[in-house]
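Go by the hints and put chains B and C onto chain A.
Chains as they are written, first to last, in my numbering: chain A, 1 to 331; chain B, 332 to 560; chain C, 561 to 923.
Treat the hints with care, as some may be off.
Within a straight-line C-alpha distance of at most 35 Å, the following computed DSBU-like cross-link-like pairs (lysine-lysine) qualify [as the list claims (entries may be wrong)]:
id, chain 1, residue 1, chain 2, residue 2
1, B, Lys459, C, Lys647
2, C, Lys626, C, Lys647
3, C, Lys580, B, Lys390
4, A, Lys213, A, Lys240
It should be emphasised that the hints constitute simulated quantities derived from the structure, not laboratory data.
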Amino acid sequence: MKALVTRSIRQISLLVLLVSLLLSIVLPGCSPAARPAATDNKSAAATTFAVTAGIPRFKIATTTSLYDTGLWNYLEPMFEKKANVRLDIVYAGTGAALEYGKRGDVDAVVVHDPEAEAQFMADGYGINKRSFAFNHFLIAGPAADPAGIKGLTPDQAFKKIYEGGIADPTRVKFISRGDSSGTQAKEKLIWQAAGYTYTDVEKAGPWYVEAGKGMGPCLLMANEQQAYLLADISTFLAYKGKVTIVPLVEQGALFLNVYDVMAINPAKIKTAKMLPTANAFINWLMSDEVQNMLATYGVAEYGRSLFTPLKGGGCTEPGCPKLEDYTTPVK
Amino acid sequence: MQELWEGLVQAVQLIVRLDPEVVEISLRSLYVSAAAILIAALFCVPAGGMIHFHEFRGKKVLINVIQTFYSIPTVVVGLFVFLFISRAGPLGGLELLFTPGAIIIGQVILILPILTGMIISALNGVDKSIKDTALSMGASGSQAIWTIIGEARFAVVGALILGFGRAISEVGAAMMLGGNIRGYTRVLTTAISLETQRGDLVLSLALGIILISIAMVVSVIVNVLLQRY
Amino acid sequence: MPILRTVNLEQRAGSARLLKNINLEVERGEVFIIVGPTGAGKTTLLRLLDLLDAPYAGDIYFDGRKATGPDVNVMEVRRRMAMVFQKPVVFNTSVYDNIAYPLKVRGVANSIIRSRVGELLEICGLSGLGKRRAKTLSGGEAQRVALARAVITGPTILFLDEPTANLDPASVKTIEDLLAGFNRRDSLTVVMTTHDLQQVQRLAQRVGVLMQGELVQAGTPREIFHSPGDIRIAGFMGIKNILRGIITRQEGGMAVVEVKGRVIEAVSELPAGAPVDIYVRPEEIVLSLQELRGSARNTLAGTIISIGLEGPLGAVVLDCGFRLEALVTARSAVEMALQPGQAVYATIKATAVKVLPALENAA
Chain A
1 MKALVTRSIR
11 QISLLVLLVS
21 LLLSIVLPGC
31 SPAARPAATD
41 NKSAAATTFA
51 VTAGIPRFKI
61 ATTTSLYDTG
71 LWNYLEPMFE
81 KKANVRLDIV
91 YAGTGAALEY
101 GKRGDVDAVV
111 VHDPEAEAQF
121 MADGYGINKR
131 SFAFNHFLIA
141 GPAADPAGIK
151 GLTPDQAFKK
161 IYEGGIADPT
171 RVKFISRGDS
181 SGTQAKEKLI
191 WQAAGYTYTD
201 VEKAGPWYVE
211 AGKGMGPCLL
221 MANEQQAYLL
231 ADISTFLAYK
241 GKVTIVPLVE
251 QGALFLNVYD
261 VMAINPAKIK
271 TAKMLPTANA
281 FINWLMSDEV
291 QNMLATYGVA
301 EYGRSLFTPL
311 KGGGCTEPGC
321 PKLEDYTTPV
331 K
Chain B
332 MQELWEGLVQ
342 AVQLIVRLDP
352 EVVEISLRSL
362 YVSAAAILIA
372 ALFCVPAGGM
382 IHFHEFRGKK
392 VLINVIQTFY
402 SIPTVVVGLF
412 VFLFISRAGP
422 LGGLELLFTP
432 GAIIIGQVIL
442 ILPILTGMII
452 SALNGVDKSI
462 KDTALSMGAS
472 GSQAIWTIIG
482 EARFAVVGAL
492 ILGFGRAISE
502 VGAAMMLGGN
512 IRGYTRVLTT
522 AISLETQRGD
532 LVLSLALGII
542 LISIAMVVSV
552 IVNVLLQRY
Chain C
561 MPILRTVNLE
571 QRAGSARLLK
581 NINLEVERGE
591 VFIIVGPTGA
601 GKTTLLRLLD
611 LLDAPYAGDI
621 YFDGRKATGP
631 DVNVMEVRRR
641 MAMVFQKPVV
651 FNTSVYDNIA
661 YPLKVRGVAN
671 SIIRSRVGEL
681 LEICGLSGLG
691 KRRAKTLSGG
701 EAQRVALARA
711 VITGPTILFL
721 DEPTANLDPA
731 SVKTIEDLLA
741 GFNRRDSLTV
751 VMTTHDLQQV
761 QRLAQRVGVL
771 MQGELVQAGT
781 PREIFHSPGD
791 IRIAGFMGIK
801 NILRGIITRQ
811 EGGMAVVEVK
821 GRVIEAVSEL
831 PAGAPVDIYV
841 RPEEIVLSLQ
851 ELRGSARNTL
861 AGTIISIGLE
871 GPLGAVVLDC
881 GFRLEALVTA
891 RSAVEMALQP
901 GQAVYATIKA
911 TAVKVLPALE
921 NAA
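In isolation and in its complexed conformation, chain A is listed as follows (with noise of 0.2 Å):
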């Protein structure tokens, strides 16, 4: 008896092998496109992939916001063409697009949160961060605006529908991404501004509602539940023929939105090798080509563009970025 386990245990480990053998050699030669050479790797699968090598895969890792306006499906074949690779675009909130880049599995990240960016480049991971474009968040809500923040200040805005979600939560609510994406560290500093601690806000009563969705579905809902929230101007505009709730607070220093993109940097992550094609997709950013794409981006559609291109220097609230940190092009 003791014997036939063994013997079962010993064939089993011989079929896991073979299968792992299986999966490393069958799976990446018979993809239906082929993956970039890994030279320095001695793998039996890299030695694969340097035999079927074709076209290298550029990854990046990109926010919601930016995704679901549908930019990238024009600056996808624009740069595909420009630098002969395949762009691979990953979208997560700016929390986890930074998680991929920290473990080394995205080649750049394009983000809008300038804490936590900053908290990147700190660690080392992100290398040559530039800004390309901007925009702002507004707040948006139902047209009935049963808060009454329509023209406020965003603190103020926060407040009033702070007020009214204790008074009333059947008629005031507030969607929050409740995710780590870029807008929700945008909405807990507006909180802050409001003179709330967040993780009071958090538990603050049912008109809270964190949603924990990407910005578009976070969009849905609030239009659903004909409740507040705070969204980006891009993705708004994007969904409009989709939502009835309009924006009723557009103004304010603190809905300052820029876009900002990184390279992973090769010196703490060893197998970040995509860093000359990272900055060439960086300069692109920064080139004529795409800043007068994004100024005319949407505006066929929504009456404006969703995005404003940073050339220019049509930027000018506090918070800005330099000059030089969209014109000078990185090595």
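Relative to chain A, chains B and C alone:
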């Protein structure tokens, strides 16, 4: 109701028009999940056979554990595999994350328990005397096992179809491991997730209908083929 | 040299001893039938002999070589054997594929398989059924498929576990004829179990009696039926008039046995004082209205309890202080005008009284 109808109409249109992107996503879904089920079968059929045919201590416990993992959430599998194949993980050197191969690995792991478990039950359904007969007719141990698997072929194929269904319909692992990269790792479920997120419910519905149709067609074809044997 | 021999074979299930001390010899080319009551261990023994299970202790020798133990390639030995089970077991494939199975697992060429299967379909009366799904066959047909499948490789020995237990009489005859044929033509050694004693008389060259896990007797059918080794065997063989007694006197091979206060003389070497079981075949008892005088040593007076018919014979049950069953022809029953309550004499030769040492725990 209106949306359901529109979804159906759009699904038919997308299929009839052979919309290139929809065709590409559908074929990828089919390819990824078919690869997953084949690899899983390569492992599960012998593994299920071995567990079924050998008596060993802890066999019941093992089967219980396998059955518990039937309901393992797809995102848990996704996370687990992610941690392994992410560049920072132990298998990072294979550069599998955000590739179709990553989705296949995730789906294989997802369906391993259910496929193994179902194959064990399929074999349990075979008369015990079949094994004795095979052995006394001169079959070797493994020939006898294959004979019994052959006797259970209807149930085994049923298990394979079930596994395929679970693979092609899951979204958690595909999203987490594939990253829903357009033209590379986007499959039907992640496309549905994205379109829902974008608020295009009708397109989502249409894609969902296409997914169900694929699963149905595969099941019908396999069953028709099986009837011949 | 016997083709199959077991030495002190023992099998257990947990602590229960299913088989003990089995020392069996099967000669090449014979039909050896194992009989015994349900639960005696017949199937267990066959499974050991076909090497499907490993024995708890003891050894099996097949064709002069040891077939048990760690160094034996069980499959190689088993490939010279075949077994047919009680319930016809067919694979869920065609009849052709079922019969071809043993050749396929041995890697035999397709052309040879085709001709061999064709032959056996013919022999077993299955012509034209080759393409049928085997599961759709009747029990008798399925058992013929199982038999054809078992003999297709030309095995040295064939084991059958009650192969006709679930079949109708016509199918039983077909299977028996096929078995006898394979045995004669191909000198196939057959070891089978049955609980049908008439089948034993039709087929067996030798018989082994298995009771409570022990091989209590082995011999020709004649030996077993006429000289059962002990009273248990006699009972199983359907022998009547079994009586418990004690030898009160021994005189040069002539023993006087006292049974319930009456005295019966018998031929036996057993010593005085020995408890014994005796039996008398009903056909060895002569009934008469007057006390007969002659060489017969035993004349017992009794009263008729009942008269029943057994074919052309009348079975008369007497009370002679113990129950005694006698057979008379229907004609003499009429001539003697036998009827219940009537006083008669039963005359038995001393040589007709079989004396066996008494078994403990047996009546």
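List, from low to high, the hint numbers that the structure doesn't satisfy.
Per hint list: zero violations.
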